[in-house]
Every structure is written in structure tokens, then in C-alpha cells.
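When you get a sec, could you build the whole thing from the sequences and use the hints?
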Amino acid sequence: MQNNDILRSLRYTFDFGDDQMMRIFGMGGLEATRAEVSDWLKKDDDEAFNPLSDFKLAAFLNGLIIYKRGKKEGPQPLPENRLTNNLILRKLKIALELKDGDLLQVLELAGRTISKHELSAFFRKPEQKQYRLCKDQIMRNFLQGLQQQYRSPANESD
Numbered sequence: 396m397q398n399n400d401i402l403r404s405l406r407y408t409f410d411f412g413d414d415q416m417m418r419i420f421g422m423g424g425l426e427a428t429r430a431e432v433s434d435w436l437k438k439d440d441d442e443a444f445n446p447l448s449d450f451k452l453a454a455f456l457n458g459l460i461i462y463k464r465g466k467k468e469g470p471q472p473l474p475e476n477r478l479t480n481n482l483i484l485r486k487l488k489i490a491l492e493l494k495d496g497d498l499l500q501v502l503e504l505a506g507r508t509i510s511k512h513e514l515s516a517f518f519r520k521p522e523q524k525q526y527r528l529c530k531d532q533i534m535r536n537f538l539q540g541l542q543q544q545y546r547s548p549a550n551e552s553d
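Residues 396 to 553, numbered by the working numbering, are exactly what the sequence shown covers, in order.
These aren't lab readings, by the way, just hints derived from the structure by calculation.
Taking lysine-lysine and the DSSO-like style, the derived pairs with C-alpha atoms no more than 27 Å apart in a straight line are:
1. 488 with 463
2. 520 with 488
3. 530 with 463
4. 530 with 486
5. 524 with 488
6. 520 with 494
7. 463 with 511
8. 438 with 486
9. 437 with 530
10. 530 with 488
11. 520 with 463
12. 511 with 486
Between beta-carbon pairs, the in silico distance windows are:
13. 493 with 472: 16 to 26 Å
14. 463 with 430: 19 to 29 Å
15. 531 with 489: 15 to 25 Å
16. 444 with 512: 33 to 43 Å
Cβ coordinates follow ideal geometry from the N, Cα and C atoms, glycine included.
Below, the structure written as C-alpha cells:
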């Protein structure tokens with residue numbers, strides 16, 4: 396998946412405004428202007444579209460962890476230069492304080508059923524034999540499930 400698609404999905408899911416987006420980027424160690432955020436959120440065919448680098452998405456996800464859970468003591472983690480779907484899934488799991496069962500439930504909301512063993516393979520170290528790459532379709536399903544969980548009509552009346 397493109398980083399811009401992930402950012403757009405998260406913005407929609409949690410109904411973040413521009414100011415919140417800029418603040419979350421800042422919490423992750425990256426100062427982002429309103430214009431930059433706007434260009435990252437545009438569709439690919441828009442002239443002003445600007446691709447979002449792995450480093451910048453990692454900064455946003457680190458900021459999302461701080462935004463949702465609070466700042467931890469000590470030095471803050473630096474954004475990674477290279478992101479995989481596995482790492483993005485791990486950061487979202489941390490930010491939203493999801494357990495394995497919660498992740499499976501979110502995937503089921505999007506019509507995707509996987510086993511607990513398949514899920515745990517995404518969180519292993521790449522050098523382990525049981526490690527599996529999280530493919531784009533799983534990431535798409537996870538983001539769709541999050542939207543259903545956080546933007547469902549029952550939740551919008553809160």
C-alpha cells in the first residue's frame with residue numbers, strides 16, 4: 396500500500412482535522428505544515444499530490460502512539476527510514492492498545508479471517524522461520540476494519 400493511502404485512511408477513521416494531523420506529526424518528531432499535510436492527503440491524480448516517505452509516515456505513527464497513549468519516559472523512538480506493513484501493523488497495534496484477539500476482530504469486521512498463528516507470524520523477527528510478510532490486502536482489510544470499528548453509526552453519535 397502507498398503511505399499516502401494509509402495516512403488518508405487513518406485521518407478518516409479517527410476524524411483528525413489538519414491541526415490534529417500537524418500536532419501528531421510534531422509529537423513524532425516531524426514538523427509538518429498545513430500545506431504539506433494537505434498535499435500528502437490528496438489523491439494520486441491531483442497535481443498537488445506529494446508522496447509520503449516511509450520516514451514521514453513512521454514519524455506520524457510514532458506521534459499517533461504518543462497522541463493515543465501518552466509520552467513515555469526517556470528518549471523517544473526515532474522514525475524508521477524504511478517501513479513494512481508488518482511494522483505499520485505493529486505501530487497501530489501499540490497506538491490503539493490492541494491485543495491479538497482485538498486485531499483478529501478488526502480483521503473480521505472487514506470480512507477477513509486469519510488464525511492467531513498467522514497473525515503472530517507478522518510480529519516475529521524477519522530472520523525467524525515462522526515470520527510472514529504482511530501483504531497489502533491484509534493491511535487494507537485491517538484499515539477497513541478499523542474504519543468500521545471507529546466510524547460505525549453507533550460510534551458517531553458519541
